[in-house]
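There are 2 protein chains.
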Amino acid sequence: MIVSPQSMSFSQPLPLRSGPSVRDYILAFETYGTLNADRSNAVLICHALNASHHVAGQYEGQPDSTGWWDTMIGPGKPVDTERFFVIGVNNLGSCFGSTGPMHVNPDTGKVYGADFPVVTVEDWVDAQARLLDAMGIAQLAAVMGGSLGGMQALSWTLLYPQRVRHAVVVASAPNLTAENIAFNEVARRAIVTDPDFHGGHFYEHGVVPKRGLRIARMIGHITYLSDDVMNEKFGRQLRRGVGPRYSTQDVEFQIESYLRHQGDKFSEYFDANTYLLITRALDYFDPALAHEGSLSRALAPALANFLLVSFTTDWRFAPRRSREIVKALLDNRRGLSYAEIEAPHGHDAFLLEDPRYMGVVRAYFERIARELA
Amino acid sequence: MIVSPQSMSFSQPLPLRSGPSVRDYILAFETYGTLNADRSNAVLICHALNASHHVAGQYEGQPDSTGWWDTMIGPGKPVDTERFFVIGVNNLGSCFGSTGPMHVNPDTGKVYGADFPVVTVEDWVDAQARLLDAMGIAQLAAVMGGSLGGMQALSWTLLYPQRVRHAVVVASAPNLTAENIAFNEVARRAIVTDPDFHGGHFYEHGVVPKRGLRIARMIGHITYLSDDVMNEKFGRQLRRGVGPRYSTQDVEFQIESYLRHQGDKFSEYFDANTYLLITRALDYFDPALAHEGSLSRALAPALANFLLVSFTTDWRFAPRRSREIVKALLDNRRGLSYAEIEAPHGHDAFLLEDPRYMGVVRAYFERIARELA
Chain E
1 MIVSPQSMSF
11 SQPLPLRSGP
21 SVRDYILAFE
31 TYGTLNADRS
41 NAVLICHALN
51 ASHHVAGQYE
61 GQPDSTGWWD
71 TMIGPGKPVD
81 TERFFVIGVN
91 NLGSCFGSTG
101 PMHVNPDTGK
111 VYGADFPVVT
121 VEDWVDAQAR
131 LLDAMGIAQL
141 AAVMGGSLGG
151 MQALSWTLLY
161 PQRVRHAVVV
171 ASAPNLTAEN
181 IAFNEVARRA
191 IVTDPDFHGG
201 HFYEHGVVPK
211 RGLRIARMIG
221 HITYLSDDVM
231 NEKFGRQLRR
241 GVGPRYSTQD
251 VEFQIESYLR
261 HQGDKFSEYF
271 DANTYLLITR
281 ALDYFDPALA
291 HEGSLSRALA
301 PALANFLLVS
311 FTTDWRFAPR
321 RSREIVKALL
331 DNRRGLSYAE
341 IEAPHGHDAF
351 LLEDPRYMGV
361 VRAYFERIAR
371 ELA
Chain Z
1001 MIVSPQSMSF
1011 SQPLPLRSGP
1021 SVRDYILAFE
1031 TYGTLNADRS
1041 NAVLICHALN
1051 ASHHVAGQYE
1061 GQPDSTGWWD
1071 TMIGPGKPVD
1081 TERFFVIGVN
1091 NLGSCFGSTG
1101 PMHVNPDTGK
1111 VYGADFPVVT
1121 VEDWVDAQAR
1131 LLDAMGIAQL
1141 AAVMGGSLGG
1151 MQALSWTLLY
1161 PQRVRHAVVV
1171 ASAPNLTAEN
1181 IAFNEVARRA
1191 IVTDPDFHGG
1201 HFYEHGVVPK
1211 RGLRIARMIG
1221 HITYLSDDVM
1231 NEKFGRQLRR
1241 GVGPRYSTQD
1251 VEFQIESYLR
1261 HQGDKFSEYF
1271 DANTYLLITR
1281 ALDYFDPALA
1291 HEGSLSRALA
1301 PALANFLLVS
1311 FTTDWRFAPR
1321 RSREIVKALL
1331 DNRRGLSYAE
1341 IEAPHGHDAF
1351 LLEDPRYMGV
1361 VRAYFERIAR
1371 ELA
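Protein sequence lines, in the order shown, are assigned to chains E and Z.
Mapping of the first sequence onto the numbering used here: position 312 corresponds to residue 312, and the numbering continues sequentially without gaps.
For the numbering used here, add 1000 to where a residue sits in the second sequence, where the first one is 1.
By construction, these hints were calculated from the structure, which means they are not laboratory data.
Beta carbons are placed, not taken as given, at the ideal position from N, Cα and C, and that holds for glycine.
A hint or two may mislead.
Selected chain Z positions facing chain E (Cβ under 10 Å, derived; list incomplete) [what the hints assert, rightly or not]:
(1) Pro-1106
(2) Asp-1107
(3) Thr-1108
(4) Lys-1110
(5) Val-1186
(6) Val-1192
(7) Ile-1222
(8) Glu-1232
(9) Arg-1240
(10) Val-1242
(11) Pro-1244
(12) Arg-1245
(13) Tyr-1258
(14) Phe-1266
(15) Glu-1268
Modelling step: build the complete structure from the supplied sequences, incorporating the hints.
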């Protein structure tokens, strides 16, 4: 599937939960498939930390440019673009085309940098809703996302209950635990204390806080994988087969080589201020907070039907976190399906092609397609 | 109990597994209690990453100087210094008195810095054995340690089987998993890539790579605690009670405040080169490696009786890692006791005063004391 990115400008200011508004902003997005005559087959895909609007397919002449959820979305795939009109959108504050810290603040004429306002999951959902308004889509057949994307899908059902028929929430949680926040905070400190961060205004110094970004990404990767899959893929294998070289600074074990490589790659393309913003959006998400901690009461407005999926070895967003959402929906007598997939890959499993996982999502979208027919 | 540190110089070079030798080195140590006439009541305590020879008691006039395992060791405590002669020793390469990276290399007349040779668990055990030689102690009633200290206790039973009657191995493992190594590696990268590290020769620049040390310690702290205890102690509590302040860089959640404080404290007193050395000693420890991965064959030389203790919520050195040691000892028909303690505190539990844990260790040492009588 050959795809191409689009973008849309919004002149009306978007008020943010953190206080300020963003005005004259752009959202980058992509669409796959065809919107049907009654505009009822739209599926919105929400992205997680380091992904984008480029969800599926490849760009013309760039065979390596496969979208981040291409295993899931495309012609004949579980989310079948021959039946559904699928929309991917890059969130505000990100660094892949939508307005973010690398863009010029219209109020000052200067690059935002660290002054880009804090954005929340709810703000993103508001921005996505305006994009749908502009596209003439009153109601989504489904909103879908994994991890932080799942939080956006959940938030859609609360902020715009009438506009969502189905919500697919994969490997997600109703909020972060203290441990989740702790990992985010260490990553942020690594970035912010990198001398090349310059208080978030590193662009004007012509540098990038790569040291911090590398550390942040290495920490992230550890939490995305399970202990089991790390032992299976790397174990205690040495990089240079024949016995230890006894160095404190050189790569000795394969796992070190892998993590350093992931860190290096990430630091080449990801924006440091975006990393801070998106991890903070994760930290802040907590729909139960306004209801004295009661998730059941928080989810009362939802009208959608839900599919929830979790993975047994995901210790970042463990199955018990998904079950909290299941319980709160059941308390509200909402229609839902829940699948706990036995998979060795940890949190990363939500991006991988596990046959049971694919089968569950395929079956759910076939049901949605039948409702359309 | 008022205690005071001692030290001993060793002129004979100590050959290290990494190739070079260390000569003219000092070991800092402390002793508590009295060595009996037949020198049979000595208990050696081995320390983990950031601890030292100061295991129990306080220094004269310093009421805040309590030793790191004072809950366990002292008059009338589980390891009763009225019955046992307890020895704490600071390991080579550490930064609390024994020869390490901050000392002068006699071969060059310069501070070692990053040139301090890589030391292994086995090297430490050799150095400890020489200290015991100098003290005239041919055989230990017990060797005991938690975490990395447990690895040293295990190693003692393999390198000097005739010199150890009992080994107490708490919250330990027969080697690190890929995930354990990964966390160590991220911490090391944070230190090594801190511009103030200067390739490990920061002393001569009059700086300390505090940014890196802070990150290393924050990562460490996350892995010492359980998800449960973090949620119980900090949860999602905001630092300033009344709603979020919406900042990416300021402290917002209590857990962030706690971690930053721990990082700051640590960076004030711990040596960066020591951090690299000690995490590497952890990485390299793997007695089964020389036996095609068979821990059973690796433990065949051990003659000691063992007490193994693990804690249910310890995900750093999980109970299943202790059970691997138990199984290998059973394969060799060695005498052992194993206690899996239901405790919420994660890896940190081995330093805390849990009544069941204390009871198990007390009972075991009462048995050792009866053998002495």
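So, going through the hints one by one against the coordinates:
1. Pro-1106: Not OK, violated: Z:Pro-1106 not within 10 Å of chain E, min 21 Å.
2. Asp-1107: violated, 18 Å
3. Thr-1108: This interface hint is violated because 18 Å lies over the 10 Å limit.
4. Lys-1110: violated, 18 Å
5. Val-1186: holds, 5 Å
6. Val-1192: holds, 6 Å
7. Ile-1222: holds, 5 Å
8. Glu-1232: Cβ of Z:Glu-1232 sits 9 Å from chain E, so the hint holds.
9. Arg-1240: Violated, about 14 Å.
10. Val-1242: With a closest approach of 12 Å, the Z:Val-1242 hint is violated.
11. Pro-1244: holds, 6 Å
12. Arg-1245: Hint on Z:Arg-1245: holds, closest Cβ of chain E at ~9 Å, below 10 Å.
13. Tyr-1258: holds, 9 Å
14. Phe-1266: Hint violated; Z:Phe-1266 Cβ to chain E Cβ min 13 Å, cut 10 Å.
15. Glu-1268: violated, 15 Å
Violated hints, in rising order: 1, 2, 3, 4, 9, 10, 14, 15; the structure is consistent with all others.
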